[in-house]
Structures are given as structure tokens and as C-alpha cells.
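Residue numbers (the numbering used here), protein chains in the order written: chain A, 1 to 618; chain B, 1 to 232.
Hints are computed from structural coordinates only; laboratory data are not their basis. For each residue, glycine too, the CB sits at the ideal point set by N, CA and C. Misleading hints may appear alongside valid ones.
[Stated by the list, open to error] Rough simulated footprint, nothing fancy, chain B against chain A, three-plus residues with beta-carbon under 8 Å: (1) 6-16; (2) 251-258; (3) 302-316.
[Unchecked claim] 27 Å max Cα-Cα, derived DSSO-like pairs, lysine-lysine: (4) A:K299 x A:K357; (5) B:K185 x B:K109; (6) B:K87 x A:K28; (7) A:K337 x B:K53; (8) A:K337 x B:K185; (9) A:K299 x B:K77; (10) A:K392 x A:K406; (11) B:K39 x A:K299; (12) B:K77 x B:K103; (13) B:K87 x B:K39; (14) B:K39 x A:K337; (15) A:K337 x B:K102; (16) B:K103 x B:K53; (17) B:K193 x A:K299; (18) A:K55 x B:K39; (19) A:K392 x A:K357.
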Amino acid sequence: MVRITSDILQSVVKPARYTGNEWNSVHKKWEDVSCHFALSMPDVYEVGMSNLGLKILYEILNNREDTWAERVYAPWIDMEEEMRSRNIPLYSLESFTELNKFDFIGFSLQFEMCFTTVLNMLDLSGINVWAKDRGDDEPFIIGGGPCVYNVEPVADFFDLFLIGEAEEALPELVEVFCEWKKEGRPNGRGEFLKRAARVRGIYVPSLYVPQYDEKGMYTGLQTIGEDTPPVIYKRIIQDMDSVATMERPIVPYIDIVHNRIMLELFRGCSRGCRFCQAGVAYRPVRERTESRLRELARKMIDVTGYDEISLTSLSSADYSCLGGLVDNLMNDFSCEKVGFTLPSLRIDSFSIDLADKMQQIRKSGLTFAPEAGTQRMRDVINKGVTEEDLLKATGAAFKKGWKTVKLYFMIGLPTETDEDVIGIAELAQKVVNHYKETTGRKDVKVTISVSCFVPKAFTAFQWFGQNTLEEFSRKQMLIKEHIKDRSIHYNYHDAHVSLLEGVLARGDRRLSGVIYSAWKNGSRFDGWTDQFDESRWTRAFEENNIDPAQYNIRERAFDEVFPWEHTTPGVSRAFLKHEYEKAVAESLTKDCRRGDCTGCGICQKLGVNIVDWGKERA
Amino acid sequence: MPEVVSYTYRAELTKDAQLRFISHLDYAALVERAICRAKLPVVYSEGFNPHMKLSFASALALGVTSESEYMEFILSKDLCQPEVFDKLSSQLPDGVRLKALKKIEGKHKALMALADEARYRISFSTANPLSEWETAVSEFNNAESCFFQRKTPKKTRDIEIKQYMIGQLEIEANDGLIELSASVKITQQGSVKPAEILEYLRKSSGSEYDISNVEIRRTALLCGGRNLMDVM
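Start from the sequences and build out the full structure, keeping to the hints where you can.
Here you go:
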């Protein structure tokens, strides 16, 4: 057991990140369980504690008598220094046990920039960072989360991955482990991994060897072992009502990023924005019933004492019975002063009415994501939103008293012209003018936040060559030059980070050396602007003799084999290619939950159906 | 508007070692959530952004434990003391213990305005001999004034410590640890933190004394020398 003295805690910021024992945290006797599972997020406590997936798995695993799931997050720089200088290993927040004593460490991989933090956490735990070096007494390192749709860049650091939704697959894996352990761990860790590979949705990278041609182009995988599946399809929950889920979330002692109850209305979003990986990865849409949602809300309020519920989903306003649900929830909790928030607003007046009803008077800013500045560009990305929609929605908001609006955009999208880029500044100006016309006042604040587009695996734009640093910088300045009004506030992202993300998002296994070098050069918390240091990565690419432009800038051929295609959400490649062609032709594709099947192939491949209660009722 | 009948309850709580590193605001939030979970019919403020009417006597510095924190909350129903006590107790996390609870009748001053004295025990280990510390303490006790530089992220200023001291600073050795007992005034103009007294002593001889494993405990919060539970 690790002891953290008060001298250490007194010298670091936010010491309660490291002390655990929060309300609803689960405590068991170490000897009483056969599977010890550390659930981790390679980020600080406040970020990790806010992740819905980890909260769900914490409860599902802890509901098993044979398993104890504990939590561990990345110590911030100051705490890491204290731990390294005193030889304190990384430990879990429930039993304060050294991480290398666990059977599994599961990392939730939310975005590529967390990779070096994973390595750093393994190192802090005294665990070999390369999977091939791990001995029989070391934990199995398993990854999950959105990054699994291209995990090749980190495949060499992990023993296994879980592709897709883990509610059912993770318990299955635990059973395989307990069985193997009961047998006396026959043939060491290799035997367990072989058995694990037979669990649907589990990817064991050591059983797959990537092949390259003489030019260094990836040509495919060679599988090891007879029953190793060549393709691993994501696991998916058909019935969101009956699946075990979060009912007793941990209540932290300090403020965290999402310090409220997350009520997951539904999974999936089939609006079909062509840049969006989540839109493909979580298909199809599966809603919870209103009665189940009200039941969950009641349970969670009762056991936490929280006063706020966030109605969480990729696009919450698309919940088919949202109006009725909100009315009923507000009624259910009217005596308890529980507030409700809608994290993702659709660009229409229905959303504004709802936000108005839910927020009552607190007119904090509204956020919309038109994503692109011109209609042409929005048609390319299949963002089914018109300028009229945006002006109507913001106009409705202005009439109701809002005066701050935040708009999200991207630059560097396929077929983008300077006109499209300048269109971002122009659209912001139109919103400002609209405020003046609607209210007769000038006290509006329109913030435009412009990020650099990163093409992702399993999207229509997976073939697209990312813009160069020079292109991004030029476009960022172009927008700046065209902003004339002082009511418009302009933020843009560091293109260096987006370009690196672009390399990792469509990288292959050869990048593991680069990630290792970057970590050795001091990289960790790369997602934190104040911690990211471009030079560590530049050196890492040089040290490994790898040209990053091959991965991010290069436009890929339609017949090229991709290194991520074996861990798949089940989408058909032909569908994605067709979507890319439609994008170039500026042609729209409709949302399949409300119209006809658009042929992405996921439902058929995985044997699942759309669950839309509004449609059911109609 | 009809007058709403309400019932004020005052509670004495602890903040134990495992919670010493959460801030006063976070401590208040955890008590608020415990009251929610206890399903007590608590009264909220009026207005568009209602919040629980909860007040504390005196904020505790980060890292300090306490045997006696005081808070008041208001219920809309006249519940009997044992019921409120048991319901709230059952929902408090490890590290907070409800020691006493009573319904306050009639007019009374705000809790915040009542507390005028805090008592602390400060224990630590040190490489310096006891005699050196005893000298420092006795010089402190005999001095007319002692100035300490208080640094906050925003500014640095000199504060005079002795004006806040009640009685003598006491020192004793216990199991290889040194224990100081201090009683300080809480005034509207401010007070002195126990950690500041210790820091002053540590540097008072000219050379810096060694200290480690510092534990500071608030043992009492008083009004005119009486327990806050007994003062209206």
C-alpha cells in the first residue's frame, strides 16, 4: 500500500486529486476478489472523473463479486516530480495499491494527444512500456475509447484493445481471465491473450503483424494463430434500456470538468456529417425510453445529492421525445431545485425554446457549430444547416435575452477556397448585424472558434490530405483580416497540434517509435496547450527517420489499403468513398433515422437496428 | 406575501484528516449534497438561481483539520432533532462527523458574526532541539509585536501577529513531536493563521528551524469563551 504523506500533499496543487475515498467510491477487500482492474484516463483527475464511459464500467465491473475496479489518473507535473524523487509508484485511488499489482489497467483513449501520457503512467507504475517486454507478473494493458478505430500507432504498447461499447464485452473478458487464473495461469500471459482474442470485439495486436511493400507502403496484416479473426468489429449494445449502466456515480470532493449527473439519452448520431468520426463510430442511433431515463435520473439524484443533470448525447436535441422528457423531468424534480442542461444545441428555434425553458434566466452563452462559413462548404461536409437556420436560431435567442453566442468552425476542409474561409468572418458579421436588427442594441458578443481540420479514419474524408502548416496559418490570418467588427472575438487553434493529431489519427505501427521518443524527450499532457512542446516531436520524427507528411499531408489513393481497417465500426468502405464523391459534388445525404437507409452497412454488418421511440410512436 | 414558517438548525461538525485538503467551498458543497441526499425539507433562497440557505461560522484554511465546525441550515418543516440528526449523519462521508445539532429558537445573530476565537493545536517533527523551540516560543510570548510577511498570489503585506493572540502560546514535547497550542482572535479586520505563527517561529531565531509532518487541528471555535452551540 502506498502512503502519501501530508508533506507531499501540502506541496502540490489540488491535493484532493490524489486522496480518493469520495462518496459512492467502491471499497472491497483486496483478497476477496480474483480480478483487480484499474480504470484509467491518461489525463488529470478532473478530466478522468468526468468521463461517462469510465463511470459506467466502474459500476458494471464492481457489480461483479469477483472483480474490484479502482481508479487511477495521471498525476500532474508537480505530483509526478514528488513521486519520482521519492520513488513512489503510481497507485489506485481506492486501495492505494501500486498499479503493477493489478491484473488489468484499462486506459480510455479519448484523443491521440494522450498517447505519451499513457507511456508516462506505465513508467510511473514501474511497468514495461513495450508490451513485448512485459513479464508474467505484470498487468495486462488494455485500451478502449474512440481512438480504437486506429490504435496502430500505440498497438505495441498495449496487450489488448476493446473495440466499441464495453458494457457486455468487458465482463466477458474478465470471465476469461478468471477462468485462466483459476486454472493456474497455464502457459503464461501469451495463453491468456490467445483466449482473449476469441472474445468478440477484443483485438490482441501481438497476433497481427503488419506488412509493407518495398516502397514502405502498408499492404495488410498477417495473423498469427488459426482462430485469430482477421477483422475485429466493434461491440454494440442493442437495448439501451436493459443494459447495465451507471446508477451510483462517484461524487468528487473537488470541482471537476463535468461536475453533474450525466444522463445519457441515446447513443449514436446519424446526421452524417462527413468529417465526423463519432458519427460513424457510434452508429446506429439507439435511444433510451423516457421512463427509463426518468428512473435513472431519480436514482442518481437520490444517491449523489447533485443539483444538476446534463442530458448527454452526441446531439441531445435529436432525442425524439425531448420536449416531453424535459417537461416531465422538470416536474419530477421541481421541489428539489435540480437544474438541467443540454450540452449540444441544434441550430433551430426548437433548441432555443428548450434551452430557454431549462435555463430559466441564467443567460450564459449559447454555442452552435455551423462548422463552415459558406453554404457550399456546409454542403460538402453534409452539415444540413443553412444560413437562414442559423440566423433564425440566433434571432430567437436574441429575442429571449441572450447576447453571447459562440460559433465553432473548421478550416482546411476538402475543396475549401478562400471564399469559404472568408465566409466564416462574414457569417459572424451577419450574426452581429442580426442582433442589432433584432434588438436595436449593440451589446452583442460573437465568439468564433476556428479549429484546423484533422481527417480521421472511417470517415468520408479518410483519403484527404490535410492542409500544411503554411496553409493553415494563411487561412487563420485571412479570417483575421476580414473581421471588421469589435463585437466579434476570434480564437484559433495551434495548427502544430492539429497536424500532429493528423499524423497519429491515420498512422501505422511504425509510429510507436516516434511516440516512444517523444515521451523520452519529455512529452506528456500533449493535449494541454501549456505543456505541448512541438520540438520534442520534431526531434522524435527525426530520431526515427520518419516523415510525418507521409501520414497527414499526403492525399491517399482510393485503392490504398489502410492500416486501421481491421478494427472497424462496421462501416462499408464503398459507402465512405461514395460519401467523399458526393462531398466533392456538393450533394447532401439525409439522416437515416428519419428517412431511408443510406447504406453505410453498419446495421446489417453488426445485426443491430435503429431505436427511435418517436418514430415508433408515429 | 404570506410569511413562510421556517426552522433554523445549527450543527457542529468535524473535518477530519482525510478531508483536510479540500477547500472550505468544497467542504460546504459536500455538506450541501449530504443534506440533499438526506431528503431534508431544506429552504432555498428566492430568485432565479435558488441556492440552499447554508451558512458556516468561519472558513478553515486548507490542510487544517477541525474538531468543531459550525453551520446553520433552514428547514421548512418542524422536524424533531433526532430525525434530522440521524438522516444527516447517515449521508455524511468519512471525514465529517455530526457532533451536535439543535434547533435555534427566536432571534439570533448570524453564525459568521458570532465566532470571535479559534483554538489550534499544531504538531510537527523537527531536527532542532526542544530548547531552541522553547526559546523561540518564550521570545514570541514576551514580544510586544511580531511582524510576518503574508504572501498571496496577488500581493505581499506585513501583518502584526501579536494583536490576534489570546493568552500565551504553549509548547510541549510529545512522543518526539512538538505540540503548540494557540488561541487566536477572529475579528472583522482579520486574524492570523496557525501556519503563519509556526512559520514566524521557525524563522524567528535568524536561522531556519527544520520542520516536517506538520499537522494543524482546530480544537475549538468560540464566542466570548463559550461553545457556539450554546450562544444565540
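Hint check:
Coverage of the region 6-16 of chain A by chain B holds in this model, with 6 residues showing a Cβ closer than 8 Å to a Cβ of that chain against a need of three. Figure legend: the region 251-258 of chain A, annotated as covered by chain B; annotation consistent (4 residues with Cβ-Cβ distances under 8 Å, at least 3 required). Figure legend: the region 302-316 of chain A, annotated as covered by chain B; annotation consistent (6 residues with Cβ-Cβ distances under 8 Å, at least 3 required). For a cut-off of 27 Å, the pair hint linking K299 (chain A) to K357 (chain A) stands: about 24 Å separates their Cα positions.
This hinted pair checks out: K185 (chain B) and K109 (chain B) have alpha carbons roughly 18 Å apart, not beyond 27 Å. A threshold of 27 Å between alpha carbons decides the hint, and for K87 (chain B) with K28 (chain A) the separation of about 25 Å falls inside it, so the pair holds. Among the hinted pairs, K337 (chain A) with K53 (chain B) is consistent with the structure: their alpha-carbon atoms are about 13 Å apart, no more than 27 Å. Among the hinted pairs, K337 (chain A) with K185 (chain B) is inconsistent with the structure: their alpha-carbon atoms are about 38 Å apart, more than 27 Å.
The suggested pairing of K299 (chain A) with K77 (chain B) holds, with an alpha-carbon distance near 24 Å, which does not exceed 27 Å. As the CA atoms of K392 (chain A) and K406 (chain A) are separated by approximately 15 Å, the hinted pair is consistent with the 27 Å bound. At most 27 Å may separate the alpha-carbon atoms for a hinted pair to count; K39 (chain B) and K299 (chain A) meet this at roughly 13 Å. Of the supplied pair hints, the one linking K77 (chain B) and K103 (chain B) holds, its CA atoms being roughly 12 Å apart against a limit of 27 Å.
Using a Cα cut-off of 27 Å, the hinted pair K87 (chain B) and K39 (chain B) holds, with the two alpha carbons roughly 8 Å apart. With a C-alpha separation of about 12 Å, the suggested pair K39 (chain B) and K337 (chain A) falls inside the 27 Å cut-off, and the hint holds. With a C-alpha separation of about 25 Å, the suggested pairing of K337 (chain A) with K102 (chain B) holds against the 27 Å cut-off. Taking the CA atoms of K103 (chain B) and K53 (chain B), the gap is about 15 Å. The hint holds against a cut of 27 Å.
At roughly 42 Å between alpha-carbon atoms, K193 (chain B) and K299 (chain A) are farther apart than 27 Å, so this suggested pair is violated. For the hint pairing K55 (chain A) with K39 (chain B), the CA-to-CA distance comes to about 25 Å; that is within 27 Å, so the pair holds. Restraint check for K392 (chain A) and K357 (chain A): satisfied, since their Cα atoms lie roughly 18 Å apart, inside the 27 Å limit.
Violated hints, in rising order: 8 and 17; the structure is consistent with all others.
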